[in-house]
Amino acid sequence: MAQKALQSAFDQGWADPRKLGHQSSKARILKAGAIESLAAGLHIAPDKLEFIGEPRLGNFYSISGLLREADVLIHSAIDRSEVLAIARSRASLELPVNLDGRIDAPALKNLNFEHSVFALQIANGETGVIAQYENLMDLIPTARIACDFSAAGIYVALPTRWDTAFFDAKSWAGPEGVGVIAINNADAWKNPLPHIGPQRVPQSLSLPLLLATAIALEASQSDALTDQEHVRELSMFLRQEISSTIADCDIAGQLDDSLPHINSFSFLYVEGEELLRRLDASGIAVDSGSACSADDLAPSHVLAAMGVLTHGNVRITLHPSTTKEEIIALVDAIRRAVVEIRAR
Amino acid sequence: MIAQQIQKIENGQSLILLSDDPATWPDLQAWARMTGNSVGKESETKFNVMRQNQSYLGGH
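Quick note, the sequences are listed as chains Z and C, same order.
Numbered according to our numbering, the first sequence spans residues 4 to 347.
Numbered according to our numbering, the second sequence spans residues 644 to 703.
By construction, these hints were calculated from the structure, which means they are not laboratory data.
A portion of the hints provided could be inaccurate.
Unchecked claim - To give an idea of the chain C side of the interface with chain Z (calculated C-beta under 7 angstroms), a few residues:
| hint | residue |
| --- | --- |
| 1 | P665 |
| 2 | A666 |
| 3 | D670 |
These figures come from a predicted structure and were not determined experimentally.
Note that the Cβ used here is the ideal one computed from N, Cα and C, for glycine as well.
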């Protein structure tokens with residue numbers, strides 16, 4: 004549905020809304036309508052929203068905009084590499100996680116730095132684990148909070164206290180190339196890039212993509228709850244099938260309190276790249292967190308931080324339209340590949 | 644490979660593993676948890692693997 008809307012959006016919204024003229028005022032109206040719709044769907048006031056055409060810069064804008072020189076950046080060991088990169092360049096504190104991917108908050112004292120920013124990853128994109136941050140927030144009452152919703156989308160509500168939030172349109176089946184940055188506390192945030200003029204982000208986002216983002220959010224909300232439950236059942240079924248038919252399998256994260264659609268499995272005595280190759284040969288494309296398939300030849304820092312096996316990893320994302328038959332066929336293909344690799 | 648070598652030792656005995664692969668330590672720990680054995684780290688490239696699970700049959 005979003006695809007058709009995108010096509011008509013390109014037809015309608017092509018004109019630059021900043022310029023004067025009949026076509027442009029129509030574009031301005033469309034833009035305002037899209038922003039209002041997104042604001043309603045995200046439960047954030049429209050004037051707090053900014054849009055960028057490179058979602059991967061969302062972490063940078065939402066975190067670095069809050070950081071002052073004396074600030075300590077607090078983050079978890081399973082945060083995205085973009086966050087780890089920001090942390091490495093300054094005073095920071097990395098919080099370890101347990102096997103379930105949860106920050107062990109009570110074990111940490113002395114967190115209340117005078118000046119700090121907490122990069123709160125609401126849900127982890129690789130494993131689906133949703134952060135349980137309430138206890139942690141009590142320990143850092145003066146920290147400014149930058150929330151990363153890029154994986155969580157609209158499945159999880161905003162915390163009661165937050166300073167910036169960052170969303171990726173892909174998380175609600177929107178188009179690639181749209182990031183949403185919400186600035187709750189305009190006084191606490193400063194544009195982290197060199198700039199001339201008061202604009203908070205470069206205003207060069209494609210209007211048709213913005214329209215498609217709004218339409219996708221509306222579409223995902225109408226079936227959100229039933230779809231979620233259905234996908235969770237499918238994931239439960241997938242995990243049961245895998246663990247009961249394939250031995251020596253590690254599963255990253257519990258399905259309870261996780262996003263319903265992400266499933267990450269690691270198999271002992273199996274090389275990730277070889278597994279991907281065999282699955283690809285049977286017509287199945289999946290992702291892997293194993294070292295041999297990542298660009299930088301290092302294993303997934305998320306799995307390693309959790310203590311989950313990084314070897315022989317496949318990540319499977321399910322959709323509301325996935326069928327049980329497809330899952331059975333997928334599990335069978337994985338089982339055959341694993342058995343063949345182990346037999347060598 | 645660990646799975647094969649560990650068959651040659653008795654419960655309570657250890658192997659030394661030398662490796663410069665960055666995935667070694669986290670994955671050794673995961674393997675130990677999954678198979679009921681135990682592992683230790685002596686340096687960035689030297690690890691010991693102790694057999695503790697009598698019934699562990701190793702890989703397939």
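Hint-by-hint comparison with the structure:
| no. | hint | in the structure |
| --- | --- | --- |
| 1 | P665 | holds, 6 angstroms |
| 2 | A666 | holds, 4 angstroms |
| 3 | D670 | holds, 5 angstroms |
Taken one by one, the earlier hints all hold for this structure without exception.
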